[in-house]
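All chains should be modelled from the sequences, with the hints used to inform the complete structure.
Read left to right, the sequence shown gives residues 22 to 174 (the numbering used here).
Possibly wrong hints are sitting among the right ones.
Said to hold, decoys possible - Here are the computed lysine-lysine pairs in the BS3-like style, where the Cα-Cα straight-line distance is at most 25 Å:
#1 K136 / K123
#2 K96 / K123
#3 K146 / K96
#4 K123 / K146
#5 K146 / K136
Hints in this document: simulated from the structure, not taken from any laboratory.
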Amino acid sequence: MVSETVTHSPEQTLATGRQLASEFHPPCLVILEGELGSGKTTLAKGIVAGLGAAREEAVSSPTFTLVHEYGNATKVYHVDLYRIEDAGDLATLGLEEIMNEKAVVLVEWGERFAKILPVPDFHIKLEHLGLEDRRITVQAAKSASSRPVAALE
Numbered sequence: 022m023v024s025e026t027v028t029h030s031p032e033q034t035l036a037t038g039r040q041l042a043s044e045f046h047p048p049c050l051v052i053l054e055g056e057l058g059s060g061k062t063t064l065a066k067g068i069v070a071g072l073g074a075a076r077e078e079a080v081s082s083p084t085f086t087l088v089h090e091y092g093n094a095t096k097v098y099h100v101d102l103y104r105i106e107d108a109g110d111l112a113t114l115g116l117e118e119i120m121n122e123k124a125v126v127l128v129e130w131g132e133r134f135a136k137i138l139p140v141p142d143f144h145i146k147l148e149h150l151g152l153e154d155r156r157i158t159v160q161a162a163k164s165a166s167s168r169p170v171a172a173l174e
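Next up, the structure:
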């Protein structure tokens with residue numbers, strides 16, 4: 022199951038994240054892939070807000086802290102593996118415990134550790150197309166849902 026959309030502003034990328042959130046039911050692992058500046062954190066802000074875990078403006082990039090936790094009723098972990106060098110560093114983050122919780126786990130740069138991480142429920146690739154345009158491709162694992170990913174507008 023694959024869905025693709027192009028957004029033309031950060032606001033549209035946020036809205037796409039809010040829309041995608043309805044597809045993510047804990048426990049759920051979501052890999053956010055894309056080069057620097059492709060909109061991963063902007064999309065994550067929309068997802069976190071769409072899940073009701075925090076307001077968009079409360080969500081920030083976990084580049085230096087590596088893991089941010091949001092929400093109570095619906096728990097969301099936002100993880101950034103950009104600065105993680107190897108499997109040993111990865112093991113110190115406590116991801117195994119996080120992924121065993123009833124939570125939505127958003128992992129930026131998770132493709133770098135695809136052989137170590139569990140198979141994600143959703144893999145989202147963001148591509149910078151120029152100026153503020155982004156292509157967002159969502160691929161759901163067959164086991165993630167018995168229904169197709171909602172059509173993105």
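Comparing the hints with the structure gives:
1. K136 / K123: Distance of about 23 Å is within 25 Å: holds.
2. K96 / K123: holds (7 Å)
3. K146 / K96: Since the Cα atoms of K146 and K96 sit roughly 23 Å apart, the hinted pair holds (cutoff 25 Å).
4. K123 / K146: OK: K123 and K146 at ~24 Å, within 25 Å.
5. K146 / K136: holds (18 Å)
The structure meets every hint from the earlier list without exception.
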